[in-house]
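Participant: For reference, the chains in residue letters:
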Amino acid sequence: MTSATATSEILRPPLVEGGKTYGQITDDICAPMEKRPPLGWFLAFAVSGAALLWGVIMVTDLIWTGVGTWGLNKTVSWGFAITNFVFWVGIGHAGTLISAILLLFRQKWRTAINRSAEAMTIFAVMCAGLNPLLHMGRIWRGLYWLFPYYPNTMGPLFVNFRSPLLWDVFAVSTYLTISLLFWYMGLLPDLATAAAHAKGAIRRFIFRTLSLGWSGSARTWMQHEKASLLLAGLATPLVLSVHTVVSMDFACALVPGWHSTIFPPFFVTGAIFSGFAMVLTLLTLSREFLGFQDYITLKHIDAMCKVTLFTSMIVGLAYATEALIGWYSANTFERFFFINSAVGPYHYCYWTMIFCNVVTPQFLWFKKIRRTPAVVFVISIFINIGMWLERFNIIVIGLHRDFLTSSWTMYKPTYVDWGLFIGLFGLFFTCFLLFSRSLPMIAMSEIKHVLSSEKHGDKQHA
Amino acid sequence: MPNKNLVGVFESDEKMIRAAQKAKESGFPALDAYTPFPIHGIDEILALKPSFLPKVCFVGGATGLLTAFTLQYWVHAVYWPMNIGGKSFTAYPAMVPICFELTVLFAGVSTFFGFLFSRGMHPFKTSPFWGLQTENDKFALVFELDSEEKADKVSKLLNQEGALEIREINA
Chain A
10 MTSATATSEI LRPPLVEGGK TYGQITDDIC APMEKRPPLG WFLAFAVSGA ALLWGVIMVT
70 DLIWTGVGTW GLNKTVSWGF AITNFVFWVG IGHAGTLISA ILLLFRQKWR TAINRSAEAM
130 TIFAVMCAGL NPLLHMGRIW RGLYWLFPYY PNTMGPLFVN FRSPLLWDVF AVSTYLTISL
190 LFWYMGLLPD LATAAAHAKG AIRRFIFRTL SLGWSGSART WMQHEKASLL LAGLATPLVL
250 SVHTVVSMDF ACALVPGWHS TIFPPFFVTG AIFSGFAMVL TLLTLSREFL GFQDYITLKH
310 IDAMCKVTLF TSMIVGLAYA TEALIGWYSA NTFERFFFIN SAVGPYHYCY WTMIFCNVVT
370 PQFLWFKKIR RTPAVVFVIS IFINIGMWLE RFNIIVIGLH RDFLTSSWTM YKPTYVDWGL
430 FIGLFGLFFT CFLLFSRSLP MIAMSEIKHV LSSEKHGDKQ HA
Chain B
98 MPNKNLVGVF ESDEKMIRAA QKAKESGFPA LDAYTPFPIH GIDEILALKP SFLPKVCFVG
158 GATGLLTAFT LQYWVHAVYW PMNIGGKSFT AYPAMVPICF ELTVLFAGVS TFFGFLFSRG
218 MHPFKTSPFW GLQTENDKFA LVFELDSEEK ADKVSKLLNQ EGALEIREIN A
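As they're listed, the protein sequences go chains A and B.
Using our numbering, the letters of the first sequence map in sequence onto residues 10 to 471.
Using our numbering, the letters of the second sequence map in sequence onto residues 98 to 268.
You may find that some hints are simply not true.
List time: in silico SDA-like cross-link candidates among lysine to any residue, alpha-carbon distance up to 25 Å [what the hints assert, rightly or not]: (1) B:K146 - A:G242; (2) A:K208 - B:D234; (3) A:K117 - B:P151; (4) A:K208 - B:W227; (5) A:K421 - A:K464; (6) B:K152 - A:P246; (7) B:K152 - A:S237; (8) A:K235 - B:E262; (9) A:K235 - B:L145; (10) B:K152 - A:F114; (11) B:K146 - A:K421; (12) B:K184 - A:K421; (13) A:K235 - B:V156; (14) A:K83 - A:A260; (15) B:K152 - A:A241; (16) A:K29 - B:E262; (17) B:K119 - A:H465; (18) A:K464 - B:D249; (19) A:K208 - A:K421; (20) B:K101 - B:D249; (21) B:K101 - B:E241; (22) A:K44 - B:G228; (23) B:K112 - A:E463; (24) A:K235 - B:T223; (25) A:K29 - B:K112; (26) A:K315 - A:I110; (27) B:K184 - A:M42; (28) A:K235 - B:G124; (29) A:K464 - B:V106; (30) A:K464 - B:L261.
Please keep in mind that the hints were generated in silico from the structure rather than gathered at the bench.
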């Protein structure tokens, strides 16, 4: 055992730095919830709150007037809303990947980041779900149009189970539900810890109630671990299915540039790529401003950068494949789609996307860059922009010059389109900022578990 | 009539595990352990029964699959069959995504509520062992007190193993 400990110390630097005790972990992670937020937090909250408010005003205008306020037209019938939808669902994927897939792979480094990544998933899926709802126009009739109900009062207009759009309804709502349950499951022990640590009676009562009477007994832990493992096992194929189904919204259509068999894996990797970029954006900021440097270490940033780099290369390969198939298919329309992307009126969107998604991540080959959070933050912003543009390119460039030359047109987003775009970022960051001050942002029980197994050098705990 | 329990509080997981092991060897096995994180191996010492949640998960998933299939089949083939280009009313491949999603949904929801049910958890519940800081950094070993003799022996053992505190708690 001693030699094993020595070897593991050489091979693996500790995941928790600063020689913490269990009590200190509780103190550190509960601190942001119990102290007054710093000025920076209020500033960030003001900015994101203002963005959210602007979004609410614009969406009110949209619902009041109708989707005519958007820049959509007969040719380009999908615009910002669907771009936002695909972008935000994609963001969510990294959270599930970190919490579920890395749990199954027994990657211990996930423990510091899984809670915030899961929260990110939930907020991102909330943002995503709003878009198709708003796109329906008469949102108050949404329930009739989205879910099957009985007795059906719309005659033959039962929901169409053969449509990928309806598969999406089921995929996204299942994804949101399972992500919420998985997140809450992990929160239960930490809510009890927060209650035990809380000073005030009201705060203690709230956390006790939310923890559903968590006792931390060996029996509870045993069932909890089993349930978490089962949920992880369910979430893993689920997360792959969600973006697969989203990609089928496009792949099942006959539009050139959409009708492609590589879409499911291409979308899933793109989702993981953009999601990791967003996790990096959020965590490089929050480790700095919440003082979590000992928990979200440079090793974590490094590991996430590697996943980002890897997925970036798969996404780059997919772009190259699309170009190749455009030529190799010998199909006029397929070839035109690629030429129109590269040199057509939206060529600047296409080349910005290539620059952001394929070129900038190449800096992550250097360890020094992977371990400099400020640079990683900048790269992650580039990737966020690039991945949003990727969806924009697929949708708008795919549609705006279709089979019939007489219907060719341009898509110009209006201020209402931009309002929704800004509002969704406002919603996402407002939720995340509130989360960072109201719930334990790092899974305390899991960090303590990792610390205990590091102390013992015990293989069994791995 | 609440059970009388003797609780030994430890400062580390190693000490608690050793005490649990010793207690088992001397013929007075502990009833339960309360810890801030899962302790692997304690389930063998405490002789816990394996979880029934995988079964709950399976039954939930099977119900979801059946629901999704029946729903789609009934809508498209029984309740309101629509002839679209002469295609089959029962196009099975198109049913796969929703069958999958509802399988996962039902399995996940039943696992979550199965877990809460298995531990009798609800918002108004309070654990009788609350206040020992086992949610924070302490490790408690709980023994059922059924005889005077056991009480003496167990508290002696807990003292020997370095318990910070020994308490009687009725649960």
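Participant: Does each hint fit the structure? Answer for all of them.
Facilitator: Taking the hints in turn, this is what the structure says about them:
1. Between B:K146 and A:G242, the direct Cα distance comes to roughly 22 Å. Compliance with the 25 Å bound is thereby established for this hinted pair.
2. Distance check on the hinted pair: A:K208 and B:D234 sit about 17 Å apart at the alpha-carbon level, within 25 Å; holds.
3. Only pairs whose Cα atoms come within 25 Å are accepted, and A:K117 paired with B:P151 is accepted, the gap being roughly 24 Å.
4. At most 25 Å may separate the alpha-carbon atoms for a hinted pair to count; A:K208 and B:W227 meet this at roughly 15 Å.
5. This hinted pair does not check out: A:K421 and A:K464 have alpha carbons roughly 59 Å apart, beyond 25 Å.
6. Taken as a hint, the B:K152 and A:P246 pair is honoured in the structure, with Cα atoms around 19 Å apart against an allowance of 25 Å.
7. Restraint check for B:K152 and A:S237: the C-alpha separation of about 14 Å stays at or below 25 Å, so the hint holds.
8. The suggested pairing of A:K235 with B:E262 is violated, with an alpha-carbon distance near 31 Å, which exceeds 25 Å.
9. A threshold of 25 Å between alpha carbons decides the hint, and for A:K235 with B:L145 the separation of about 13 Å falls inside it, so the pair holds.
10. Proposed proximity of B:K152 and A:F114 is supported: the alpha carbons are some 23 Å apart, at most 25 Å.
11. A threshold of 25 Å between alpha carbons decides the hint, and for B:K146 with A:K421 the separation of about 64 Å lies outside it, so the pair is violated.
12. Taking the CA atoms of B:K184 and A:K421, the gap is about 39 Å. The hint is violated against a cut of 25 Å.
13. Distance check on the hinted pair: A:K235 and B:V156 sit about 16 Å apart at the alpha-carbon level, within 25 Å; holds.
14. For a cut-off of 25 Å, the pair hint linking A:K83 to A:A260 stands: about 20 Å separates their Cα positions.
15. Among the hinted pairs, B:K152 with A:A241 is consistent with the structure: their alpha-carbon atoms are about 16 Å apart, no more than 25 Å.
16. This hinted pair checks out: A:K29 and B:E262 have alpha carbons roughly 23 Å apart, not beyond 25 Å.
17. Our distance criterion of 25 Å between C-alpha atoms is met by B:K119 and A:H465, whose separation comes to about 20 Å.
18. As the CA atoms of A:K464 and B:D249 are separated by approximately 33 Å, the hinted pair breaks the 25 Å bound.
19. Taking the CA atoms of A:K208 and A:K421, the gap is near 54 Å; set against the 25 Å cutoff, the hint is violated.
20. Under the criterion of a C-alpha separation no larger than 25 Å, the hint pairing B:K101 with B:D249 is consistent with the structure, at around 14 Å.
21. A hinted pair counts as satisfied when its Cα atoms are at most 25 Å apart, and B:K101 with B:E241 qualifies at roughly 6 Å.
22. Straight-line distance between C-alpha atoms of A:K44 and B:G228 comes to about 23 Å, which keeps the hinted pair within the 25 Å bound.
23. The straight-line distance between the Cα atoms of B:K112 and A:E463 is roughly 16 Å, inside the 25 Å bound, and the hint therefore holds.
24. Our distance criterion of 25 Å between C-alpha atoms is met by A:K235 and B:T223, whose separation comes to about 23 Å.
25. Pair hint A:K29 plus B:K112 holds up; C-alpha atoms about 19 Å apart against a cutoff of 25 Å.
26. For the proposed pair A:K315 and A:I110, the alpha carbon gap of about 16 Å is at most 25 Å, so the pair holds.
27. Taken as a hint, the B:K184 and A:M42 pair is broken in the structure, with Cα atoms around 59 Å apart against an allowance of 25 Å.
28. The straight-line distance between the Cα atoms of A:K235 and B:G124 is roughly 29 Å, outside the 25 Å bound, and the hint therefore fails.
29. At roughly 20 Å between alpha-carbon atoms, A:K464 and B:V106 fall within 25 Å of each other, so this suggested pair holds.
30. Between A:K464 and B:L261, the direct Cα distance comes to roughly 21 Å. Compliance with the 25 Å bound is thereby established for this hinted pair.
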